[in-house]
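Work out the full structure: start from the sequences and follow the hints.
Protein chains in written order, with the working numbering: chain F, 183 to 298; chain G, 44 to 154.
Everything labelled a hint here was simulated from the structure, so no lab data went into it. In this text, all values refer to a predicted model and were calculated from it rather than measured experimentally. Any given hint could be a false lead.
Computed list of lysine-lysine pairs in BS3-like fashion (alpha-carbon distance at most 25 Å, straight line) [claimed, not checked]: (1) G:K110 x G:K153; (2) G:K113 x F:K226; (3) G:K99 x G:K110; (4) G:K45 x G:K136; (5) F:K244 x G:K45; (6) G:K45 x G:K153; (7) F:K244 x F:K226; (8) F:K226 x G:K110; (9) G:K113 x G:K136; (10) G:K153 x G:K136; (11) F:K209 x G:K85; (12) G:K136 x F:K244; (13) F:K244 x F:K209; (14) G:K45 x F:K226; (15) G:K110 x G:K45; (16) G:K110 x G:K136; (17) G:K136 x F:K233; (18) F:K253 x F:K233; (19) G:K110 x G:K85; (20) F:K209 x F:K233; (21) F:K226 x G:K85; (22) F:K226 x G:K136; (23) F:K233 x F:K244.
With beta-carbon atoms standing in for the labels, derived distance ranges [stated by the list, open to error]: (24) F:G185 x G:S55: 26 to 34 Å; (25) F:G255 x G:S112: 39 to 47 Å; (26) F:H192 x G:N98: 34 to 42 Å; (27) G:S63 x F:L220: 22 to 30 Å; (28) G:K99 x F:Q199: 26 to 34 Å; (29) F:R266 x G:P124: 34 to 42 Å; (30) F:S240 x G:K99: 47 to 55 Å; (31) F:Q262 x G:D121: 29 to 37 Å; (32) F:P221 x G:N70: 22 to 30 Å; (33) G:K85 x F:R246: 37 to 45 Å; (34) F:P252 x G:E58: 47 to 55 Å.
Beta carbons are placed, not taken as given, at the ideal position from N, Cα and C, and that holds for glycine.
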Amino acid sequence: NAGVMQNPRHLVRRRGQEARLRCSPMKGHSHVYWYRQLPEEGLKFMVYLQKENIIDESGMPKERFSAEFPKEGPSILRIQQVVRGDSAAYFCASSPLSGSPPNEQFFGPGTRLTVL
Amino acid sequence: QKEVEQDPGPLSVPEGAIVSLNCTYSNSAFQYFMWYRQYSRKGPELLMYTYSSGNKEDGRFTAQVDKSSKYISLFIRDSQPSDSATYLCAMIKAAGNKLTFGGGTRVLVKP
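Given below as structure tokens:
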């Protein structure tokens, strides 16, 4: 059973370009979460999605960042007009269900974004 | 003030020693507590998941939760060089979905 898959693993962009990060959840998981890990900082929640729905985007920057989880295909985190401060590791996690108690979140290997 | 505080380390111990890690938190709304292990340039791996005060044991790992003190701990017995990693505590509020992480403690187990 494959784990959470993310691609690309490394992404280099110049300032002003767009970055697209992809996440395929574990088989049977319908909930996806995106987290960002800045250098020398812990992981910070960005957004929580179910298929075709954004449930909680309270951690997303107001501008340039968007996320989707279409009915078919992977979840996408899109960063428009990247700046150097966007350089970070972006992790995707998935869980099978929501509710109480919260389900375990399983993390992918991350995408390391470098903005030149 | 951060919601979850964790000493960044590094914590260096000899092989076979007990590793003791802890986190404090300020928000009593946190009800579920996890410990993740993260190797360099890898994704976090879930080690322990607890939701009540007390101890939970799994192999060489023991997680403790003290909700009255807002304090959680992870103990690693008989530590191995392969345990060298960053350990992250994380927690979720009741009926919540987003993990709030501590900054991580870097652990080095020397052979």
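(request) Quickly compare the C-alpha distance for K110 (chain G) and K153 (chain G) to 25 Å and report which way the hint goes. (result) This hinted pair is violated, its Cα atoms lying about 33 Å apart.
(message) Given the hint of 34 to 42 Å, is the C-beta distance from H192 (chain F) to N98 (chain G) inside that range or not?
(response) Distance hint for H192 (chain F), N98 (chain G) holds at roughly 40 Å.
(request) Given the range 34 to 42 Å, decide if the beta-carbon distance of R266 (chain F) to P124 (chain G) lies inside it. (result) Taking Cβ atoms as reference, R266 (chain F) and P124 (chain G) lie about 36 Å apart, which means the hint holds.
(message) Hinted pair, alpha-carbon criterion (25 Å max): K233 (chain F), K244 (chain F). Please report holds or violated.
(response) holds, 22 Å
(message) K136 (chain G) and K233 (chain F) were given as a pair; does the straight-line alpha-carbon distance stay at or below 25 Å?
(response) Between K136 (chain G) and K233 (chain F) the Cα gap is close to 23 Å, so the pair holds against 25 Å.
(message) Looking only at beta-carbon atoms, does the pair P252 (chain F), E58 (chain G) fall within the given range of 47 to 55 Å?
(response) holds, 48 Å
(message) What's the verdict on K110 (chain G) and K136 (chain G), does the C-alpha distance respect the 25 Å limit or exceed it?
(response) Distance of about 13 Å is within 25 Å: holds.
(request) Would you mind confirming whether the straight-line C-alpha gap from K99 (chain G) to K110 (chain G) stays at or under 25 Å? (result) holds, 14 Å
(message) Hint check: K226 (chain F) vs K110 (chain G), CA-CA at most 25 Å. Holds or violated?
(response) With Cα atoms ~23 Å apart, K226 (chain F) and K110 (chain G) stay inside 25 Å; holds.
(request) Could you say whether the range 37 to 45 Å given as a hint is met by the Cβ separation of K85 (chain G) and R246 (chain F)? (result) Given a distance of about 27 Å, which is not inside 37 to 45 Å, the answer is violated.
(message) Tell me if the beta carbons of S63 (chain G) and L220 (chain F) are separated by a distance inside 22 to 30 Å.
(response) This hint holds: roughly 27 Å between Cβ atoms.
(request) Verify the proposed pairing of K113 (chain G) with K226 (chain F), using a straight-line Cα cut of 25 Å. (result) Roughly 20 Å between the alpha carbons, so the hint for K113 (chain G) and K226 (chain F) holds.
The earlier numbered hints that this structure contradicts are 1, 6, 10, 13, 19, 28, 30, 31, 33.
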